[in-house]
Amino acid sequence: MLRALLAKSTELPGAPGAMRLAATPEDWHPLAGDIAATGARLLSLWTERAPATVHAAFLCDGALLVLDHELPYGEMSYPSLADLFPAAARMQRAAADLTGVAARDADSRPWLRHAAWPAHYRPLAPRTVEYPGDGTPPADDYPFVRVSGDGVHEIPVGPVHAGIIEPGHFRFSIVGEKVLKLEQRLGYVHKGIERLFARTKLDAGHRLAARVSGDSAVAFSWAYCQALEGIARADAPARAIWLRALALEAERIANHLGDLGALGNDAGFAFGLAQFSRLKEIWLRALDAVLGQRYLNDFVVPGGVARDAREELLPRLADCARGIAVEAAAIRAIYDEHAGVRDRFVEAGTVTPDLARRLGLIGLAGRASGQAFDLRVDLPCAPYAELAVAKAGHEEGDVAARVAVRFDELAESARLVREIVDRLPAGSTRVEVAEPSAGANGIGVVEGWRGPVMVALVAGAGGDVRRCHPHDPSWQNWPVLEHAIIGNIVPDFPLINKSFNLSYSGHDL
Amino acid sequence: MWKTLQKIGSIGVITEPAPESDDSLRVTERLQTEIRALLGRALCIRQVDAGSCNGCELEIHALNNPVYNIEGLGIKFVASPRHADLLLVTGPVARNMELALKRTYDATPDPKLVVAIGDCGCTGGIFGESYASAGRVANVIPVDVAVPGCPPHPNRILAGILTAIRAPRGD
Numbered sequence: 001m002l003r004a005l006l007a008k009s010t011e012l013p014g015a016p017g018a019m020r021l022a023a024t025p026e027d028w029h030p031l032a033g034d035i036a037a038t039g040a041r042l043l044s045l046w047t048e049r050a051p052a053t054v055h056a057a058f059l060c061d062g063a064l065l066v067l068d069h070e071l072p073y074g075e076m077s078y079p080s081l082a083d084l085f086p087a088a089a090r091m092q093r094a095a096a097d098l099t100g101v102a103a104r105d106a107d108s109r110p111w112l113r114h115a116a117w118p119a120h121y122r123p124l125a126p127r128t129v130e131y132p133g134d135g136t137p138p139a140d141d142y143p144f145v146r147v148s149g150d151g152v153h154e155i156p157v158g159p160v161h162a163g164i165i166e167p168g169h170f171r172f173s174i175v176g177e178k179v180l181k182l183e184q185r186l187g188y189v190h191k192g193i194e195r196l197f198a199r200t201k202l203d204a205g206h207r208l209a210a211r212v213s214g215d216s217a218v219a220f221s222w223a224y225c226q227a228l229e230g231i232a233r234a235d236a237p238a239r240a241i242w243l244r245a246l247a248l249e250a251e252r253i254a255n256h257l258g259d260l261g262a263l264g265n266d267a268g269f270a271f272g273l274a275q276f277s278r279l280k281e282i283w284l285r286a287l288d289a290v291l292g293q294r295y296l297n298d299f300v301v302p303g304g305v306a307r308d309a310r311e312e313l314l315p316r317l318a319d320c321a322r323g324i325a326v327e328a329a330a331i332r333a334i335y336d337e338h339a340g341v342r343d344r345f346v347e348a349g350t351v352t353p354d355l356a357r358r359l360g361l362i363g364l365a366g367r368a369s370g371q372a373f374d375l376r377v378d379l380p381c382a383p384y385a386e387l388a389v390a391k392a393g394h395e396e397g398d399v400a401a402r403v404a405v406r407f408d409e410l411a412e413s414a415r416l417v418r419e420i421v422d423r424l425p426a427g428s429t430r431v432e433v434a435e436p437s438a439g440a441n442g443i444g445v446v447e448g449w450r451g452p453v454m455v456a457l458v459a460g461a462g463g464d465v466r467r468c469h470p471h472d473p474s475w476q477n478w479p480v481l482e483h484a485i486i487g488n489i490v491p492d493f494p495l496i497n498k499s500f501n502l503s504y505s506g507h508d509l
Numbered sequence: 001m002w003k004t005l006q007k008i009g010s011i012g013v014i015t016e017p018a019p020e021s022d023d024s025l026r027v028t029e030r031l032q033t034e035i036r037a038l039l040g041r042a043l044c045i046r047q048v049d050a051g052s053c054n055g056c057e058l059e060i061h062a063l064n065n066p067v068y069n070i071e072g073l074g075i076k077f078v079a080s081p082r083h084a085d086l087l088l089v090t091g092p093v094a095r096n097m098e099l100a101l102k103r104t105y106d107a108t109p110d111p112k113l114v115v116a117i118g119d120c121g122c123t124g125g126i127f128g129e130s131y132a133s134a135g136r137v138a139n140v141i142p143v144d145v146a147v148p149g150c151p152p153h154p155n156r157i158l159a160g161i162l163t164a165i166r167a168p169r170g171d
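Just so you know, the protein sequences line up as chains A and B, in that order. Taking our numbering, the leading residue of the first sequence gets 1, the next gets one more, and so forth. Taking our numbering, the leading residue of the second sequence gets 1, the next gets one more, and so forth.
Honestly, the hints are just simulated from the structure, not real lab data. This structure is a prediction, so every number in the text was calculated from the model and none was measured. All C-beta atoms, glycine included, are put in the ideal place defined by N, C-alpha and C. Honestly, I wouldn't trust all of these hints.
The calculated lysine to aspartate or glutamate pairs, modelled on EDC-like cross-linking and capped at a C-alpha distance of 16 Å, are [said to hold, decoys possible]:
no.	chain 1	residue 1	chain 2	residue 2
1	A	K391	A	D378
2	A	K8	A	D68
3	B	K3	A	E327
4	B	K3	A	D336
5	A	K201	A	E435
6	A	K8	A	D27
7	A	K181	A	E482
8	B	K7	A	E327
9	A	K181	A	E154
10	A	K178	A	E347
11	A	K181	A	D492
12	A	K391	A	E412
13	B	K3	A	E154
14	A	K178	A	E154
15	B	K7	A	D492
Over 12 Å on every C-beta distance to chain A, these chain B residues come out as not near it, computed from the model [claimed, not checked]:
no.	residue
16	E16
17	P17
18	P19
19	D23
20	V27
21	A42
22	N54
23	L73
24	K112
25	G118
26	D119
27	T123
28	P148
29	L162
30	A167
31	P168
With the rest of the complex left out, here is chain B (with noise of 0.2 Å):
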């Protein structure tokens, strides 16, 4: 134990400022205004893995680690799509777990947020479209803020959530 309480104490905390929001990266501007005003500061995300190669993944993990520290920002990853406020979806989406993503939508209670990660995410990549491929997550189901990227940097995760959950410059 003690070895554990002097490991903590000589790390200290080493969280690093959170990137500012992005309106480049906005795709749609849907309901948005209401959702703002329902969240607040919480945000609970269900993460989708629609299809990716798992790099996506490795780096939205990194959101959880002591620099990015998203759950500093009052936002954390949920078990369930039930308790979630915005769908966090990297692609391309397997026509295999396309039935999934959509069931999963429906499932995220009303108004919900969708921010579509990496480059097939956004576009469908190096995968595009095929008998196994729908492409990019906007074919399945709405996207608002999409970031590209293979994988995007966690900054530009966390850039792209809070796009969505932020209202847009000049609002």
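So that you can see chain A by itself, here it is in the shape it has in the complex (with noise of 0.2 Å):
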């Protein structure tokens, strides 16, 4: 079925294996209904206003299948694609705040939109000017789910939070320690991303796309310029694709070096944060001195990257992976061998193989829960493909087996790290990028450490974006959050949550 699908699909710039395929009013449904059947993950799902049009990314077996669905003049509703991907529901509500087009039979309450600005401010309307503003925006009062019954009672967290963490709202109801139910409120910190993109030059969108969610920046830069080079046909250089390679295997270093930290201290080991946090921090100087940055946020540009890495300091990065891969595996048996962060660990927020499939579990989270998907294995982009990356993979679905993905994963990107110095092709790192043509269309899909992230681009007239939507897999994951906790008590909670450490900024946009 997916073959028949692809033979009526045509090529879409970007990422490898990317196709698209025009679906009429009848065949919307009934195409995702087939694409869902072939076993595909959704990816992402967004709208246009103009001409009014939804797109629907899925992640096929060996394929990016983008489906278009442009409404019929003077619509502006279109079937709801919830009760064949769950995951679509929290995106459609997203898509109606921002442009109005919503889907039927939906849950129809706003998601991004709070009280900030007016039910009918569309900001990505066409020539909608800026809404001013008026005050401080009074506090709104949201439709939660509410449980009732003998003993029933909500606890209401955020969106400040009590640690060093972004913001959001978490409605739990529980009965004595127990949560019954959580209920997510996100949206605190949409800073208007999707309009900004189209007030911004296609070769300044990477910067913008590094700042979607600051732990991913080189997933989305890269994303981006994925996107942008696929549809300005620009091939960047060798060398610049292996050191993008590099820098994306460092944020991933980084970050997993940083969660397993918190998760050992949010199990009441502090001995873990001290720890992890200073791998991390010899990491960081690490890339500091051979990349240029801490954090590399500026370091993938359209055609290359944006400096050279510095080549006597190349095997030091090198022996650095080493030695915190040594340093990783020898604390990794001491949490693996500790009673108490067993105990933490163990069966604390289960995702079964079975609810992850249905409710779409993506990424890291997923491979912790017997989804095993990685696009560096399963749709590799260069250098992927050359590099036989080993794929993480767990089936226990608890916080366990989150840590022990994060562990895999640290050990096995330390070694590629490794394997691109040693493999790293000389050459130039930038080559100019043309201006496309207004119209042309691109996606950019790259493995983040948190799972895949995407980019769709349009080009605009002159060298403006037209379109921008960046997608974290975060919004995949935060409902199955709500799924995960259900059961377990309310002190485990921040645990649990550490283990997906999910993005708030990557989601509310």
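Build the complex from these two chains, which are given one at a time in their own frames, with help from the hints.
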């Protein structure tokens, strides 16, 4: 069936294996049903206002398929895909807030819009002036789903959280200490990124993409450049492509080190935080020395990378990665043998492989629940096809499994860093990127540390961005966290939440 | 347990000297003398992400690592604004966070200090002002010290915090 669908599709520039298929009003939902039947995962759903269009991107076996559905003239709604892909529900709500193009027969509560701008204001509608704001927006009354019964009460948490974390609201309905239901409310850090993209030049969009989610700066800026280079028919030099992979693995190592320390700490084992935060600092300093930044948010640029690595220091970076891998393996043994840590990690926040598949859990958390998908292996862009990445995978779906995936991936990324340093091609690090023609469509996908990030890009006239939609895997995984916490006790929530470590900024945009 | 102790023993103390305060980061000089007199050397910080991309938070986290060891200076991060002397705020202030930031500021007991972190906290940065962004932190609450950078180095963040609680040079 997938082959028949792909045979009807046309190539989409940018990501490897990307195809697009136009759907009519009649076959939009049936086609999505056919795609669902192949076992594909929903990657992203977004809309445009002029003309009213809805796009859905799917990760299929060996292909990335984008379904485009231009609504009939005057029509502003389309059949919801939430019955086929539960993860579509929030994406449809967010898209409706931004463009007014809404799903039918679906949850119609606003998602990104709180009380800061009126319901009739659509930031992505054409010729919309900037809404000036009117003093401090009032608190709004969001209709949470209420749980009733003897002894049920609610705990509201956030948006300002107790740690050094991004803001969001969690509404727990509990009995005693047990969580009956968690409902999230996000959108607090909505900064208008998609509207801002449409006011950004194509050759500057990578800077904004890098700031969609600061912990995934390399992944987002690479995905943006992949889309742009696809539509501009520019090929970044081999050395630049390999340096991008070096930066992406460096970002994965930094984030995994941070999380492994924080997870130990959340289990009451401060030793873990002290050790891993020390290793992370060593790693960031090595990156600063060799690649010029601790966090590589301005490293990937259209046509290549912003600067070459300091060749003479590259062996030291490889040694540093090796040293960190050795130390991390030793601390892993300590975690594995620590009764208190095991007691907190094992069987906490379990997402079974069956639930993960039905809800579309993706990325790192998916790989801890039997969803063995990794773009670096399953849909590799250069240079990953040449690197033979070992994909991590566990089935248990609990905090312990998500910790194990991080340990496995940390070791593999450290190996990749050494291999990339060994095999780094010589040559230039950047080429000119010509201005693409107005209306050209491209897509970029990169396996960030959290999972696959996507950037869909449409060029405008005169080097402008017409439309750019960045997508973080947190969209898929936030709703699954609501399921993971059911039946657990409230004090385990910080640990379970951290084991997913989802992005607020990358989601709220 | 033996492995854990062995590891702790083998690393030793790796904390580096704290940076100097930096008067160039000072935005206003309000009530500082009073606060400094009250605080002595202990300081409680409540961090508020008012809309950042999370990049600044990563470097703020680093202050707690053994290298910068902010707790060794008598400074700690607390879980409630009601326990805090200083708000460490990253921006830009998302309009959806504006009310929450104001309420956090109001919940912090007087006298209090505010340090804005990052290019976005200082000026609105790449996000500026829009239907969704109120721009720099100072547009919403009073700011004493502002530390630019995208994200700023942990030593600059620490210098900003120390600037807020120390007397201006030559005071």
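Hint check:
1. A:K391 / A:D378: holds, 9 Å
2. A:K8 / A:D68: holds, 13 Å
3. B:K3 / A:E327: holds, 12 Å
4. B:K3 / A:D336: holds, 12 Å
5. A:K201 / A:E435: holds, 10 Å
6. A:K8 / A:D27: holds, 13 Å
7. A:K181 / A:E482: holds, 7 Å
8. B:K7 / A:E327: Given that 16 Å is the threshold and the Cα spacing comes to 10 Å, the pair holds.
9. A:K181 / A:E154: The given pair, whose Cα atoms are some 9 Å apart, holds under the 16 Å limit.
10. A:K178 / A:E347: holds, 15 Å
11. A:K181 / A:D492: Given pair A:K181, A:D492 holds - Cα atoms ~14 Å apart, limit 16 Å.
12. A:K391 / A:E412: The hint holds at about 9 Å.
13. B:K3 / A:E154: violated, 43 Å
14. A:K178 / A:E154: It holds: about 11 Å lies between the C-alpha atoms, which stays within 16 Å.
15. B:K7 / A:D492: Not satisfied, since the Cα-Cα distance of roughly 28 Å exceeds 16 Å.
16. E16: Not fine: 10 Å to the nearest Cβ puts B:E16 too close to chain A.
17. P17: Nearest chain A Cβ is 15 Å from B:P17, so the label holds.
18. P19: holds, 15 Å
19. D23: holds, 25 Å
20. V27: holds, 21 Å
21. A42: At roughly 19 Å from the nearest Cβ of chain A, B:A42 sits farther out than 12 Å, so the non-interface label holds.
22. N54: Given a closest Cβ separation of 4 Å, the condition is violated.
23. L73: holds, 17 Å
24. K112: holds, 15 Å
25. G118: violated, 10 Å
26. D119: violated, 10 Å
27. T123: holds, 14 Å
28. P148: holds, 15 Å
29. L162: B:L162 is indeed farther than 12 Å from all Cβ atoms of chain A, at 18 Å.
30. A167: The assertion about B:A167 holds, with a minimum of 28 Å to chain A.
31. P168: Given that every Cβ of chain A is farther than 12 Å from that of B:P168, nearest at about 28 Å, it holds.
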